[in-house]
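Generate coordinates for the entire structure from the input sequences, incorporating the hints supplied.
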Amino acid sequence: MPETGAPTRVLDPIARLQRRRHALYGWMLLAPALTLLTLFAFLPTAATFWASLHSRGTARRPSVFNGLENYLDLIHDPNFWTVVGNNLLYAGVTIPLSIALALVMALWADARLPLRGFVRGAYFTPTILPMIAAANLWLFFYTPGLGVIDSFTGLFGLPPVNWLGQPQTALWAIIVVTVWKEAGFFMIFYLAALQTIPPDLKEAAQVEGAGRFTYLRRVLLPLLMPTTAFIFINALINSVKLIDHLFILTKGGPDNATKLVLYWIWEMAFSYFDPARATALTVLVLLVLGGVAVFQFTIVEKRIHYR
Amino acid sequence: MNALSTTGDFVRLHGVTRLFEGGGGVDDLSLAIPRGGFTVLLGPSGCGKSTTLRLIAGLETPDRGRVEIDGRDVTALPPSARGLSIVFQSYALFPHLTVAENIVFGLRVRHVPRAERDRKLKDALALTGLEGLDARKPAHLSGGQRQRVALARAIVADHPLCLMDEPLSNLDAKLRHSVRQEIRALQRRLGMTVVYVTHDQTEAMGMADHIILMRQGRIEQQGTPAALYQAPASAFAASFIGSPPMTLIPAELAGVPEPPQGHARARLMAGVRAEALRLQPAGTGWLEATVVASEFLGAETFVYLQIEGGPQLIARVPGRIDPAPGTAHSLSWAEHATHWFDRDSGRSICAGAGPRTNAESQPAPQTAAPPAA
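Sequences listed follow chains A and B, in order. First residue of the first sequence? That's 1 in the working numbering, and the numbers climb one at a time after it. First residue of the second sequence? That's 308 in the working numbering, and the numbers climb one at a time after it.
Among these hints, one or two may not hold up.
[To be verified] With a straight-line Cα cutoff of 27 Å, these simulated DSSO-like cross-link-like pairs (lysine-lysine) come out: (1) B/K444 to A/K302; (2) B/K429 to A/K202; (3) B/K427 to A/K202.
Treat the hints as calculated values from the structure; they're not laboratory data.
Structural data, given as structure tokens:
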């Protein structure tokens, strides 16, 4: 069909067919992932958001649309702020601490030392253990009076401490378990990244007069930035996601001292059967994580050197 | 820059040994590298030339022996205290830093004031023709440009000694040729002492003031390129240097000229350079041979020949000839162009090229006399 105005490209029928075929292939390749993501990610997210805008339904009073009331309700709940505060502290300590520890362990395990395989294996062991098993292990460490920690401190005449039982120490005890669990896992990524850095660079820096610390700061850390960014995102997600040990160690107590956001969501949804507030809180968590992801991909990525 | 006026040895190794568990390394090596010259460590892979360079650099510590730079015993000093720079085979550029940051990396580490740093950077960029590329990252440079950045980083600190470990092996053939001349010109201009490692004999011949030919962790022969070419001290040196390599013919083959007095034919090899071979009609020369193939290279032709009962060899004939494969020819050469080697030890019996060469079978420190442009 001839057109006036803007010139259009006239395609040969063979070319047109070829293009259509390409488009078809594209959709075919996309289909499996698209189906699965829709089924298990997009639809549930949309359903959660929809549910968060409805009131809690009971047998007598069915659920009705109530707009942002669930959200307001949450914000006015003092527990909400306790839980958010707990989670911020938990993330704020576990993320930098586990990353720093992972880097130190990786540098150590990458060096030429006897029993290198053993060192690496030892660092990695916590990662292999299921979190539930690890939590049981730590429960034994923390047992007041009888546990490993108190037995040790008892040697110096210190009184037994109920690490998990008092609000001042409980969250810190949880943080220690998490760092112990995560650092070994992150170390593996650093170790892999360190092995891709050619030894020439170290020699070149050495010849230029750079000491160990300068080499670390000016060469190694910048080259490890992509790994650090990857680990950071993982650690951030885990700081929200990883709550298995709470079930064994504290169940959020004492006095909500160790209650983290996801644990609270689980509690609201499956202990108190309050899907309205649970979904609202879920949506808030998704918003925050989404915001962090956007920040990561727009601002942080640009400052990282990728090879 | 004033290194030009002084002469003498700049680097000395005394009985240096560094052996590796998997084999290789150097064994009881002593050598002297002249000041202000361009010295090439040449040899096949695994001959210890890179180890020697790393020992000079301080990246390896000798098991035994001393390393001396500029009259100072540096055996116990770290690389940064030895006053040298290195161009690595891989260039070892820091991928996250720009060209400028790469070049001044060492100056920053050593807290050189900013103004001086900028001035030196500008000089180095100009010398290596990298102006305008200073803000790029290595990933956005061509191979040749990366090579120049490595070179700029090596010269920016004004160290009197520059070590280069096969710096051209990652470049394509054409670029290699031009960069060779650039490096040589830069070395002359700055009066640096350069120690250059390569396995490529054409590179060594084209660049060196002084070649140290190594084999199995020891020095096989050293001297000027001309000395090594015209008076190879061993069959190994003869066959390693020159392209095509020297032809080695068992001396008992009929027609080979009379060996030096007091030597049995059966214990000798006769060596002849490809360009010394003359192709003659069958029956008129010393050795009968059959043409296998020929390669026309423009100014000359390589003719591949099979000697009856002997090895295959290459004759280098000026201009263009087109011998059909299978045709019989006869070979001859000037009698004084024969090099004699002991068949068992491989050592030279006497330099055959006679009085025309300034033969140096024993090393004498070469001093460069670069003509100032």
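These are the hints, each one checked on the structure:
For the given pair, B/K444 sits about 14 Å from A/K302 by alpha-carbon distance, which is consistent with the 27 Å threshold. The hinted pair formed by B/K429 and A/K202 meets the criterion: a straight-line CA distance of about 26 Å does not exceed 27 Å. A threshold of 27 Å between alpha carbons decides the hint, and for B/K427 with A/K202 the separation of about 23 Å falls inside it, so the pair holds.
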